[in-house]
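A.B. asks: Now for the letters of each chain:
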Amino acid sequence: MTGEHQPASERLSRALSGAMERMGPALERVRLAAPSAVRRFGPPAAVAGAVAATGAGVYAAARACGRRPEAAPDEGLDLHAAVTVRRPRDQVYRFWHRFERLPTFMTHVESVTTGDGVTHWTARGPAGRAVEWDAEIVEDLRDEVISWRSTGTALVPNSGTVRFCEAPGGRGTEVRVHLRYDPPGGRAGLAVARLLGEHPEQQVRDDLRRFKQVMEIGEVVRSEGTRAPRLLRRRPARPVR
Amino acid sequence: MKANCWMGRGNVEVREVPDPRILNGHDAVVRVTSTAICGSDLHLYDGFIPTMKKGDILGHEFMGEVVEVGPSVRNLHVGDRVVVPFPIACGRCAACGLGLYSVCENSNPNAGLAEKFLGHSPAGAFGHSHMLGGYPGGQAEYARVPFADVGPIKIEDGLADEQVLFLSDILPAGWMGAEMCDIKPGDVIAVWGAGPVGQFAVAGAYLMGAEQVVCIDRFAYRLRIAERAGATTLDYEEVDVRDALLDLTAGRGPDACIDAVGMEAHYANPALYAYDRTKQATRLETDRPYALREAVMTCRNGGIVAVIGLYAGFLDKFPMGAVMNRSLTLKAGQCHVQRYLKPLLTRIREGDIDPSFVITHRLPLDEAPRGYQLFRDKQDECNKVVLTP
Ligand SMILES: NC(=O)c1ccc[n+]([C@@H]2O[C@H](COP(=O)([O-])OP(=O)(O)OC[C@H]3O[C@@H](n4cnc5c(N)ncnc54)[C@H](O)[C@@H]3O)[C@@H](O)[C@H]2O)c1
Ligand SMILES: [Zn+2]
Ligand SMILES: [Zn+2]
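Going down the list, the protein sequences come from chains A and B. Residue numbers for the first sequence follow the numbering used here, so the first one is 1 and each next one is one higher. Residue numbers for the second sequence follow the numbering used here, so the first one is 242 and each next one is one higher.
Everything labelled a hint here was simulated from the structure, so no lab data went into it. Accuracy of the hints is not assured; some may be wrong.
Dumping the calculated SDA-like pairs for lysine to any residue here, alpha-carbon to alpha-carbon at most 25 Å [claimed, not checked]:
1) B:Lys295 - A:Val145
2) B:Lys243 - A:Arg241
3) B:Lys619 - B:Asp595
4) B:Lys294 - A:Glu198
5) B:Lys243 - A:Arg235
6) B:Lys295 - A:Arg241
7) B:Lys619 - B:Glu478
8) B:Lys294 - A:Asp90
9) B:Lys294 - A:Thr113
10) B:Lys395 - B:Gly311
11) B:Lys294 - A:Gly117
12) B:Lys295 - A:Glu139
13) B:Lys294 - A:Pro88
14) B:Lys294 - B:Gly353
15) B:Lys583 - B:Tyr447
16) B:Lys243 - A:Gly197
17) B:Lys294 - A:Trp96
18) B:Lys243 - A:Thr107
19) B:Lys243 - B:Glu254
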């Protein structure tokens, strides 16, 4: 701010502000990368060092919200996410049960077709390559749970369960998703990244948020400055032609 | 169309950008007739809000004429004149159901990003960084308004733009600050910051029955405007604020304190000011909380501290011991503008308040860069800038 009265501290802070401006993008990169890096690799010295060098206090506090790893990378990958939807349980269950509608909110899934209890999934990861697999429903309890599992030779063998339960006090329906990826020969992290991107758990949470939007308002909410699902490749908040 | 874009710290530019289009069924497109610069825009301008991107269109206080509506909007029609609230809210989630529109659960497409900074995501907002949605703002010729069936209020009578424009943000924000104070007969309310938000908090507190409202700042011209809204004023460079407030209340302290300053507070004590500016500049703390510290330390035992000034991240040296041991209540929030639109429009119409008293500068949109500079640097006695596209 100009127009203030402490020339010495003003000079000092101007210098520091300049430094901050130069550090800004780097800080943002470190901070955005930190939670997933920590999840995938444990807190390595490089990340810890970068964070310390760039303002440990604030960013450690921010990172405290990040999650711990769910599984070691080579033992398959478990992803969990949950959301509360302000809709009756039967409606929420029914929407999910029509697998063809999953692509409305699962951004990496292009299409799901069903027939004879078998579903055929086509997905496109951030790398752009289409991946296809078949899945069968292994459990289906009305208004409670749906489980599926890939069959045959899926590139990334996977299974999923979604559970629905009544939220307390009339708050709607609690939806909990559990996904598991078991690529042959391990390296789940890499295989899943090809499908879900660098931040798979974030991707699942964002999918569930979109599911909530579809259930509560009828469509996925869009902004000009967002290009789902790639959070990091944002464009300016201005209309596009 | 022309729009005022954030081009980096301390740099805004009016540029030619594509016209907005309908993207969601509940959208409308509004031709902006008036828009304003807010203290919150200054935090963006000064580079203290993370996740801004070069080229973002700024502005969250605007009104205008509906020129297009999406298929799911039934309450608005082309030609309607509307004021648009700055938080974007779906009207259908649990938060909206409770009237907590600024923490709508569905309106932030970048909720994941906001979660990393804030733990949970608040609502999306116009022209307010990517972590709050990446929505273009209203300092432009046109703006897309999501959830147009929920937010905008129609202005059907002859009220001028300047009388109703501030329903979009600062009038309800100041009002909500006063409302948080839960004002009882005899209450003395202290308001830090004689910017437009603080000035409206003063006006609101009186309308809610405060005995006396004290407003604190260092700019005489701003304090004079607060005086016109009824305030007793204190210049914090002339007096020790805590001493003065304790004297005014015979030792009790104000019954409630409103922080209408936020994260870029200035401090009369050079040593402390340098300490916090340095920590903020090196990102060891993101916000400079002098006004808030002083409010907490001055408030009477069992009183309320209402925070409507904007904070973005982390504070240092926060007197939590005072909050805990003296049974203080801390309340805060981005304004839930939607819930105040109707009652405050009624008050404007009935002449209880004419919000246009805060305006000092009227500029064409093209001169937005000058407007930002005048407003930030408090030049030319600048108190509030209205831009017309
Ligand atoms: N909660 C909300 O919904 C909401 C809405 C609008 C604005 N805001 C926030 O409210 C704050 C005020 O907005 P505004 O438009 O009035 O901004 P403004 O910049 O015009 O006013 C801020 C005032 O605070 C004064 N100030 C600075 N340090 C001070 C100190 N230590 N003690 C007393 N006064 C001090 C400044 O001199 C200035 O006059 C900003 O932080 C803004 O982001 C919040
Ligand atoms: Zn504002
Ligand atoms: Zn909502």
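A.B. asks: Hint by hint, work out which the structure violates, then give me just those numbers in ascending order.
C.D. replies: Structure breaks hints 1, 8, 9, 11, 12, 13, 16, 17 and 18.
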